[in-house]
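Kindly generate the complete structure, drawing on both the sequences and the hints.
Residue numbers (the working numbering): 38 to 254.
Relax, there's no trap hidden among the hints.
With a straight-line cut-off of 20 angstroms between C-alpha atoms, the simulated EDC-like cross-links for lysine to aspartate or glutamate are:
hint: 1; residue 1: 169; residue 2: 51
hint: 2; residue 1: 173; residue 2: 51
hint: 3; residue 1: 169; residue 2: 113
hint: 4; residue 1: 169; residue 2: 229
Computed spacing ranges between beta-carbons, pair by pair:
hint: 5; residue 1: 48; residue 2: 233; range: 13 to 21 angstroms
hint: 6; residue 1: 202; residue 2: 236; range: 44 to 52 angstroms
hint: 7; residue 1: 86; residue 2: 233; range: 41 to 49 angstroms
hint: 8; residue 1: 183; residue 2: 235; range: 25 to 33 angstroms
hint: 9; residue 1: 52; residue 2: 146; range: 33 to 41 angstroms
hint: 10; residue 1: 215; residue 2: 92; range: 22 to 30 angstroms
hint: 11; residue 1: 198; residue 2: 91; range: 13 to 21 angstroms
hint: 12; residue 1: 172; residue 2: 205; range: 44 to 52 angstroms
hint: 13; residue 1: 76; residue 2: 172; range: 39 to 47 angstroms
hint: 14; residue 1: 226; residue 2: 48; range: 19 to 27 angstroms
hint: 15; residue 1: 235; residue 2: 82; range: 38 to 46 angstroms
hint: 16; residue 1: 180; residue 2: 82; range: 34 to 42 angstroms
No lab work stands behind these hints, which were simulated from the structure alone.
All residues carry an ideal CB built from backbone N, CA and C; glycine is no exception.
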Amino acid sequence: MTAAGIAPTPWRRDAALIALVGLAHGVSHFSQLLLAPLFPWLKDAFGVSYTELGLLMTVFFVVSCSVQTASGFWVDRYGPRPVLFAGLACIVAAALGFAASGSYAMLMLFSVLAGLGNGVFHPVDYTLINRKLADKRLGHAYSVHGITGSLGWALAPLLLVPLTVAYSWRVALLAAAALAAAVLALLVWQRERLALAPAPPQAVRSGAGPAASFEFL
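In structure tokens form, the structure reads like this:
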């Protein structure tokens, strides 16, 4: 299909997609700091050291890294939307699990679940941005994507610490779960904006052949 045969993408449709993807990315970064701001309270609550609490973060990021490797294949096979919803659901469940945890082992278990959820976002986000947006708006999209990630990091301590001081760390984590659930609900409501067919198999793409494998050189 030639460029002339592609209908122009309306700005509002692109802006809505950029905002939705940005919100999801913000939740991803927010989830990375669900526990760290609460370490002083968790240390006393569970009778563990900061080293043991730091291990929770290590496990979270190792799992996230591993899942990112696999989630790109899942996105290609099933499309980004179901993978995105599954990732957000894992984050919601992990935050609820953290809030209900009664032992260090439970914190470790839900750190794994949170890592599973966090690991899907970049393959999902980049696929939606690159395949659904007009080329002239890719720069805007990546700017918003980066900004919302940083805002997610900034929001986590701003939300969690005051709620912990005022109420408890469990209440703070319940609020975090509610926030992630609200974003998931919004994305499900706007799911048609996130619709994208799985990537076609390489073998059926036009021009795919032995020579096409080396076109990047």
